[in-house]
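S.K.: Residue numbers (my numbering), protein chains in the order written: chain L, 1 to 154; chain R, 1 to 154; chain A, 1 to 154; chain P, 1 to 154.
It should be emphasised that the hints constitute simulated quantities derived from the structure, not laboratory data.
There may be inaccurate statements among the hints.
Said to hold, decoys possible - Per the computed footprint, the stretches of chain A lying under chain L, defined by three or more beta-carbons under 8 Å from a beta-carbon of chain L, are: (1) 85-97; (2) 105-119.
As the list claims (entries may be wrong) - Here are the simulated lysine to aspartate or glutamate pairs, EDC-like style, with alpha carbons at most 20 Å apart: (3) R:K9 to R:D51; (4) A:K9 to A:D51; (5) R:K133 to R:E102; (6) R:K50 to L:D51; (7) L:K115 to P:E85; (8) R:K50 to R:E102; (9) L:K9 to L:E123; (10) R:K50 to L:E19; (11) A:K9 to A:E85; (12) P:K115 to P:E81; (13) R:K115 to R:E41; (14) A:K115 to R:E85; (15) P:K115 to L:E85; (16) L:K50 to R:D51; (17) R:K115 to A:E130; (18) P:K50 to A:E19; (19) A:K50 to P:E19; (20) L:K133 to L:E81; (21) P:K133 to P:E123; (22) A:K133 to A:E123; (23) A:K50 to P:D51; (24) P:K9 to P:E81; (25) L:K50 to R:E19; (26) R:K50 to R:E33; (27) P:K50 to A:D51; (28) R:K115 to R:E81; (29) R:K9 to R:E41; (30) P:K9 to P:E41; (31) P:K115 to P:D51; (32) R:K9 to R:E102.
Computed from a prediction, not measured in an experiment: that's the story for all the values here.
Cβ atoms here follow ideal geometry from the backbone N, Cα and C, with glycine treated the same way.
4 protein chains.
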Amino acid sequence: MSNQTFTPKDPDYVARVQEVFANQQFMTLLGVEVGDISPGEVELILPYRKDITQQHEFVHAAAITAIADSACGGAALTLMEPGSEVLAVEFKVNLLSPAAGERFIARAKVIRPGKIITVCSAEVHAEQGESRKLVAAMQATMIAPPNLRIEPTN
Amino acid sequence: MSNQTFTPKDPDYVARVQEVFANQQFMTLLGVEVGDISPGEVELILPYRKDITQQHEFVHAAAITAIADSACGGAALTLMEPGSEVLAVEFKVNLLSPAAGERFIARAKVIRPGKIITVCSAEVHAEQGESRKLVAAMQATMIAPPNLRIEPTN
Amino acid sequence: MSNQTFTPKDPDYVARVQEVFANQQFMTLLGVEVGDISPGEVELILPYRKDITQQHEFVHAAAITAIADSACGGAALTLMEPGSEVLAVEFKVNLLSPAAGERFIARAKVIRPGKIITVCSAEVHAEQGESRKLVAAMQATMIAPPNLRIEPTN
Amino acid sequence: MSNQTFTPKDPDYVARVQEVFANQQFMTLLGVEVGDISPGEVELILPYRKDITQQHEFVHAAAITAIADSACGGAALTLMEPGSEVLAVEFKVNLLSPAAGERFIARAKVIRPGKIITVCSAEVHAEQGESRKLVAAMQATMIAPPNLRIEPTN
């Protein structure tokens, strides 16, 4: 629906978002790769692996949710001032189809930026060869807690 | 709030729920243990491990969400007829406090059972020694798809 | 994000959706007008009135939610077979800005159609003269209950 | 599940919550009555009226949502400092049964209080004579925006 253009407050926002993901051991455990990062948007890629599946060998809803949620956090972070932290207040996800495919791409975007609260949405698509299917949709609320501002170290 | 008592339609509901979790490789990857199972209620336990953390070494919101979501699915399954499957339609989770602790206990209960749609809620507490703190609350919608009924094999 | 094209199963879907809204007395009480209806999409318009406001004379969040939710139900209904009913299973709404304006436009679209479950999203914009502001975003799950199918009367 | 006891920061919290509801014209339009108010909990009552129904003469989901959402806002407000305002960031509601009855009682409670963010849950029951049925369950996120603090006038 709405498409907005955002101007990042931190010129190093790409490096900052990449660093956050590099420091999340859970993203490493899942095998998540960071894709495109632009102002207000982040893409995460989750390749299929058997050890992230549920009882029918589809990728577990919770792993799909993990990349959607994390992409939303990253999208919010692209618009924050240097030194800001972003935490998820809450999110809601609809699982739309079984997560069957070679890889899963979560694309999150900011729908309403804010000094304290930022609201994002995300879609996750399953890709198999040339085909592509929507498997999940999320709406998420992120917070940059005022007391969590960390001064840049340089 | 409301507390209801449920009568399971499958006398082997405990074994059935345990079997589903045993067959979810993602639960094994996370190190999730199955706790108490009773009609309409399931408990899952996630011990702290560094490889499921985010950048501040708290357990990642997505891992906390994973046990809440899976406990909701299990709680719904306790009330289903033999051979039924349960899938998550959607869920919403509030992350209430940083997930710091030795272990995390998700307790889910059915708040409205149904032939097709079952609605559940879950709470996740962090435990550290004797102390216990609420870290997440979820409300989830599960479906037993009519066309996914699997006939018991015996 | 994703844009899909849908083919309605009921050639009279526009009249059917209009009839449902005409029969909802609550829509009349709120002063809601039905806007564009197309396959998978419905628009509802809520003109500003003092008696639908909260303590700061902005339109009450619950009235904004009412048009978003109802537009989602209408959007799902556009894709149903003749005689189908649609009920809301659940929805989640983010209130993004105070609802200040002359009128409020909810636009809902189907993001995943289904025989039983249909998932929709909606945005509500406030309009004041030429200006337009996003005030709410919703993600909703609708059900066409199999036992609620009503046979067409002609 | 969890039950907590809260100490209000404003000795006049009951009068304050009543005043907010008295100033919400939308609550008057719906015919909402304020029930019990205690620290962290608020009850709202919606008597049945035909003009708040949908096409089957059940109360419209959006009217049920309105009392759940407003009760959550009230519950959060009971724990705020004098002069604070509370706005809904977002909420999610499951509609569990058709809203048939003489009156509808929304009971909301705080599940996690906070200086900025307060998370609440609510249940709505339909009452008909002596019978009582759960018709909706909500989980809601409220904010007391730091820049909206209003100094008490006395």
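S.K.: Take the hints in turn and mark each one as holding or not.
M.R.: Against the structure, the hints come out as follows:
A stretch counts as covered by a chain when three or more of its residues have a beta carbon under 8 Å from one of that chain; for the region 85-97 of chain A and chain L the count is 4, and the coverage holds. Taking a C-beta to C-beta cut-off of 8 Å, the region 105-119 of chain A contributes 5 residues in contact with chain L, enough for the three needed, and the coverage statement holds. At most 20 Å may separate the alpha-carbon atoms for a hinted pair to count; K9 (chain R) and D51 (chain R) exceed this at roughly 39 Å. Under the criterion of a C-alpha separation no larger than 20 Å, the hint pairing K9 (chain A) with D51 (chain A) is inconsistent with the structure, at around 39 Å.
For the hint pairing K133 (chain R) with E102 (chain R), the CA-to-CA distance comes to about 12 Å; that is within 20 Å, so the pair holds. Only pairs whose Cα atoms come within 20 Å are accepted, and K50 (chain R) paired with D51 (chain L) is accepted, the gap being roughly 18 Å. Under the criterion of a C-alpha separation no larger than 20 Å, the hint pairing K115 (chain L) with E85 (chain P) is consistent with the structure, at around 18 Å. Taking the CA atoms of K50 (chain R) and E102 (chain R), the gap is near 11 Å; set against the 20 Å cutoff, the hint holds.
A distance of roughly 25 Å separates the Cα atoms of K9 (chain L) and E123 (chain L); the hinted pair therefore is violated under the 20 Å criterion. Only pairs whose Cα atoms come within 20 Å are accepted, and K50 (chain R) paired with E19 (chain L) is accepted, the gap being roughly 18 Å. With a C-alpha separation of about 14 Å, the suggested pair K9 (chain A) and E85 (chain A) falls inside the 20 Å cut-off, and the hint holds. Using a Cα cut-off of 20 Å, the hinted pair K115 (chain P) and E81 (chain P) holds, with the two alpha carbons roughly 9 Å apart.
About 17 Å separates the Cα atoms of K115 (chain R) and E41 (chain R), which keeps this hinted pair within 20 Å; it holds. Proximity of K115 (chain A) to E85 (chain R) is assessed by CA-CA distance (about 18 Å); at most 20 Å being required, the pair is judged to hold. With a CA separation close to 18 Å, the supplied pair K115 (chain P) and E85 (chain L) stays within the 20 Å bound. Only pairs whose Cα atoms come within 20 Å are accepted, and K50 (chain L) paired with D51 (chain R) is accepted, the gap being roughly 18 Å.
Restraint check for K115 (chain R) and E130 (chain A): the C-alpha separation of about 49 Å exceeds 20 Å, so the hint is violated. Annotation: proposed proximity of K50 (chain P) to E19 (chain A) holds, straight-line Cα distance about 18 Å (limit 20 Å). About 18 Å separates the Cα atoms of K50 (chain A) and E19 (chain P), which keeps this hinted pair within 20 Å; it holds. Taking the CA atoms of K133 (chain L) and E81 (chain L), the gap is about 35 Å. The hint is violated against a cut of 20 Å.
For the suggested pair K133 (chain P) and E123 (chain P), the alpha carbons sit about 10 Å apart, so the restraint of at most 20 Å is met. Taking the CA atoms of K133 (chain A) and E123 (chain A), the gap is near 10 Å; set against the 20 Å cutoff, the hint holds. Proposed proximity of K50 (chain A) and D51 (chain P) is supported: the alpha carbons are some 18 Å apart, at most 20 Å. As the CA atoms of K9 (chain P) and E81 (chain P) are separated by approximately 5 Å, the hinted pair is consistent with the 20 Å bound.
Only pairs whose Cα atoms come within 20 Å are accepted, and K50 (chain L) paired with E19 (chain R) is accepted, the gap being roughly 18 Å. With a CA separation close to 17 Å, the supplied pair K50 (chain R) and E33 (chain R) stays within the 20 Å bound. For the given pair, K50 (chain P) sits about 18 Å from D51 (chain A) by alpha-carbon distance, which is consistent with the 20 Å threshold. As the CA atoms of K115 (chain R) and E81 (chain R) are separated by approximately 9 Å, the hinted pair is consistent with the 20 Å bound.
Annotation: proposed proximity of K9 (chain R) to E41 (chain R) holds, straight-line Cα distance about 14 Å (limit 20 Å). With a C-alpha separation of about 14 Å, the suggested pair K9 (chain P) and E41 (chain P) falls inside the 20 Å cut-off, and the hint holds. Our distance criterion of 20 Å between C-alpha atoms is broken by K115 (chain P) and D51 (chain P), whose separation comes to about 39 Å. A C-alpha spacing of about 36 Å is found between K9 (chain R) and E102 (chain R), which places the hinted pair above 20 Å, so the restraint is violated.
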